[in-house]
Amino acid sequence: MFKGNFIENLPKIYGTYTGGFVVFIILMAIAEQAGVSAKNIGVMFVAFTVLIYALIGYLSRTIQVDAYYVAGRQVPTVFNGMATAADWMSGASFVALAGGVYFGGYTYMAFLVGWTGGYVLVATLMAPYLRKFGCYTVPDFIGTRYGGNLVRACSVFVLFIASFTYVTAQINATGTIASRALGIPFEAGVWVGLISILICSMLGGMRAVTWTQVAQYIVLIVAYLIPVFWISSKVGGGIFPHLMLGDEVARLGELEQQFGLVKNSAADMKAAGVPGGLKYISGTHSGVPEGGMAVWKYLSLAICMMVGTASLPHILMRYFTTPTVRAARKSVAWSLFFIFLLYSSAPMLATLSKLALMDPNLPTGIIGKSIAEVQQIEWYQRWSEVKQVFIADFNGDGILQLNEWFMRGDVVVLATPEVAGLPFVISGLVFAGGMAAAMSTADGLVLAISNALSHDIYYKIIDPKADTAKRLLVARVLLVIIGAAGAYIASFRLTSILGSVAWAFDFAMSGLFFPLVLGVWWKRATRAGAIAGIMSGILSGLFYLLWVYPKFSVPIFGGVNTPFLGIDHLRFGLIGAPVCLVVMVVVSLMTKEPDAATQKMVDDTRIPTGKAILGKQH
Amino acid sequence: MSNKDAYWNKTKNHMIVTLVLWAFFSLVIFMFGSELNTMSFLGYPLAYYMTAQGSLLAFVIMLFWTANKQEKIDEEHGYSEREED
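Read top to bottom, the protein sequences are chains A and B.
When the count follows my numbering, it moves up by one through the first sequence with no breaks and lands on 629 for the last residue.
When the count follows my numbering, it moves up by one through the second sequence with no breaks and lands on 1222 for the last residue.
Check each hint, because a few of them may be wrong.
Claimed, not checked - Derived list of chain A stretches under chain B, where covered just means 3 residues or more per stretch with a C-beta under 8 Å from a C-beta of chain B:
| hint | region |
| --- | --- |
| 1 | 257-263 |
| 2 | 337-350 |
Unchecked claim - Below, in silico cross-link-like pairs of lysine-lysine (DSS-like), each with a Cα-Cα straight-line distance of 30 Å or less:
| hint | chain 1 | residue 1 | chain 2 | residue 2 |
| --- | --- | --- | --- | --- |
| 3 | B | K1141 | A | K603 |
| 4 | A | K50 | B | K1209 |
| 5 | B | K1149 | A | K534 |
| 6 | B | K1206 | A | K534 |
| 7 | A | K534 | B | K1147 |
| 8 | B | K1141 | A | K534 |
| 9 | B | K1141 | A | K245 |
| 10 | A | K611 | B | K1141 |
| 11 | A | K245 | A | K290 |
| 12 | A | K308 | A | K281 |
| 13 | B | K1209 | A | K380 |
| 14 | B | K1206 | A | K622 |
| 15 | A | K622 | B | K1147 |
| 16 | B | K1149 | A | K476 |
| 17 | B | K1149 | A | K622 |
| 18 | A | K481 | B | K1147 |
| 19 | B | K1206 | A | K603 |
| 20 | B | K1147 | A | K603 |
| 21 | A | K50 | B | K1149 |
What the hints assert, rightly or not - FRET-style restraints, in silico, Cβ to Cβ:
| hint | chain 1 | residue 1 | chain 2 | residue 2 | range |
| --- | --- | --- | --- | --- | --- |
| 22 | B | N1146 | A | S293 | 46 to 56 Å |
| 23 | B | M1152 | A | D615 | 10 to 20 Å |
| 24 | B | S1171 | A | Q44 | 49 to 59 Å |
| 25 | A | A42 | B | M1152 | 47 to 57 Å |
Derived by calculation from the structure, the hints in this document are not laboratory data.
Ideal placement from N, C-alpha and C gives every residue a C-beta, glycine not left out.
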């Protein structure tokens, strides 16, 4: 069908794919007009896209180590950017981010700055040097730079903790979306999600994950942007919401004044039977909270997310797949560009969604209307049935007040198209996008964990003489085991989506940030320093989390502890990372400086040209 | 000073410049959130705009700029990969 090799044809292949996807959306829109039920459209959207990913996964199967671990190091800059963006934007980014902005306002948007600003650290401190090094995994760099199995094993330990907390949340998200779109129980949805994830990654490792992630990025960005632009023109926000919502933001300020921002007491909410996890608006949309503590809360969260970003192995390993060091640098820039397209749209979606619900001049507005009237609305009935929205008439006046309207954060993304009166085909598209976002991140994470275990623990430590076939078999078996373990834990619903996502960043920054940075930027860093730094960082961070998070501290320490300097469970990396830095520097200076060979290795890492430190097959 | 050391010094300085810009857009401006919010840009309150879009855009531009600049440094010192790819 195409002349020339696969890589040269990528723009054509993905162009055709995007065109095909658009045709599919149009066909679904026609089907909706022809009377196909909303539920069936949702099923078709999810099933069709997942089948495509599975097909790509199958076509990318490989029996080569180089292709399995680093996609043969031939992924072009822009495509690697798209794959990284899909790898990065999780189910939480897609489904929960706009909801977070909706309820949390300015303070919550520290996540937006944190999850983008971290890429500056990736590009300047890490990615080009790790690419030059030629490693297969992040622990591969640490193990070779510092030398020895112990330091390698320590970094695998941190990678495991950070990525595994993250992956359960992702499998949880795939399960939630699969169960809603396909109309099956959550527990079954989790296993459906897992099987889809494994089909994409098992046969082709990094190569298959790369090409499915590019496909998933295209689906998720189309699914996020179309509703934002459409809703914007529908509620009078203008055709280009990112530049034109100034008046709407000001209007929300007026509406907040008019309806009043009231805080409900916990007792009232309990008496009214508000389901768990549902929230109401009690803060301003664009206002900045006053006071030094509020500023510190914002900055500390942004710092944790930024430094965490630069330490997450499933992101760093994406830059091992580019052809050159130069391409790795540019690829970070493209990644952030593709991420920016979605992240800058989330606050716009939150603004539009809030306006659609709050503005009495719009036909979609519900605040200030009579409750009996709101209860007749179709979308209200559908979402209240599954306990995603709730009304509690606290003052008994029969009118819906701002503080009497409760909803789950996810609803902002999943239900706003319905609220604004868009056809159901858009909701189906949004389901497919959420599924793509959660699957692509889960794929990257499961692969990061199983690659570290198969390459660093099995091949480098346990059986260095294993042949290619055996190494790849072990890698695939571990992939299935890790995925199944994640799904098993997710099926118990132990984690809410966002709490644990932030934890992954804090774990990674506690144990990996300084060992990676100093490995390149400080020749004097020694093996003993790295081991002591990694272990003290991760353990102090973990201990602080147990101490500060009430669900852990009550059974362990017998009470609730006040966070030290406002460092709560979302920010515990601020304890772990400094401990890691200090211990690593002190121990390094106390031990003998690294030998000449190691110093030469660091010198070579710093220069883009010349041979990679680790050979093509290692 | 050898070519290698000169190259690394320039790279280091470039890294520091990039990180100063990064700290400005990610941390410094948000220390003055409530003051900035009295000003407006495109009709948005400024601090709101920066956290919702402005800083994010600054990071994207910064990354393309920093990659290009580093490529120039590579070329100057003969460490460019241009011939290789």
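Quick rundown of the hints versus the structure:
Under the rule that three or more residues need a Cβ within less than 8 Å of chain B, the assignment of the region 257-263 of chain A holds, with 4 such residues. Chain B is given as covering the region 337-350 of chain A, and this holds because 8 residues of the stretch bring a CB closer than 8 Å to a CB of that chain, at least three being needed. Only pairs whose Cα atoms come within 30 Å are accepted, and K1141 of chain B paired with K603 of chain A is accepted, the gap being roughly 25 Å. Taking the CA atoms of K50 of chain A and K1209 of chain B, the gap is near 55 Å; set against the 30 Å cutoff, the hint is violated.
For the hint linking K1149 of chain B to K534 of chain A, the alpha-carbon distance of about 14 Å falls within 30 Å, and the restraint holds. For the hint linking K1206 of chain B to K534 of chain A, the alpha-carbon distance of about 25 Å falls within 30 Å, and the restraint holds. Our distance criterion of 30 Å between C-alpha atoms is met by K534 of chain A and K1147 of chain B, whose separation comes to about 17 Å. A hinted pair counts as satisfied when its Cα atoms are at most 30 Å apart, and K1141 of chain B with K534 of chain A qualifies at roughly 15 Å.
Under the criterion of a C-alpha separation no larger than 30 Å, the hint pairing K1141 of chain B with K245 of chain A is inconsistent with the structure, at around 59 Å. Proximity of K611 of chain A to K1141 of chain B is assessed by CA-CA distance (about 12 Å); at most 30 Å being required, the pair is judged to hold. As the CA atoms of K245 of chain A and K290 of chain A are separated by approximately 26 Å, the hinted pair is consistent with the 30 Å bound. With a C-alpha separation of about 28 Å, the suggested pair K308 of chain A and K281 of chain A falls inside the 30 Å cut-off, and the hint holds.
This hinted pair does not check out: K1209 of chain B and K380 of chain A have alpha carbons roughly 62 Å apart, beyond 30 Å. Between K1206 of chain B and K622 of chain A the CA atoms are separated by roughly 23 Å; this keeps the pair inside 30 Å, and the hint holds. For the hint pairing K622 of chain A with K1147 of chain B, the CA-to-CA distance comes to about 22 Å; that is within 30 Å, so the pair holds. Under the criterion of a C-alpha separation no larger than 30 Å, the hint pairing K1149 of chain B with K476 of chain A is inconsistent with the structure, at around 40 Å.
Pair hint K1149 of chain B plus K622 of chain A holds up; C-alpha atoms about 22 Å apart against a cutoff of 30 Å. A hinted pair counts as satisfied when its Cα atoms are at most 30 Å apart, and K481 of chain A with K1147 of chain B does not qualify at roughly 45 Å. For the proposed pair K1206 of chain B and K603 of chain A, the alpha carbon gap of about 37 Å is over 30 Å, so the pair is violated. Between the alpha carbons of K1147 of chain B and K603 of chain A the distance comes to roughly 29 Å, so the proposed pair stays at or under 30 Å and holds.
Among the hinted pairs, K50 of chain A with K1149 of chain B is inconsistent with the structure: their alpha-carbon atoms are about 57 Å apart, more than 30 Å. Between N1146 of chain B and S293 of chain A the CB atoms are about 53 Å apart, so this pair conforms to the stated range of 46 to 56 Å. Between M1152 of chain B and D615 of chain A the Cβ separation comes to about 18 Å, which falls inside the hinted range of 10 to 20 Å. A hinted range of 49 to 59 Å for the beta carbons of S1171 of chain B and Q44 of chain A is consistent with their spacing of about 50 Å.
Take A42 of chain A and M1152 of chain B: their Cβ atoms lie about 54 Å apart, and the range 47 to 57 Å holds.
Hint violations for this structure: numbers 4, 9, 13, 16, 18, 19 and 21, all remaining hints satisfied.
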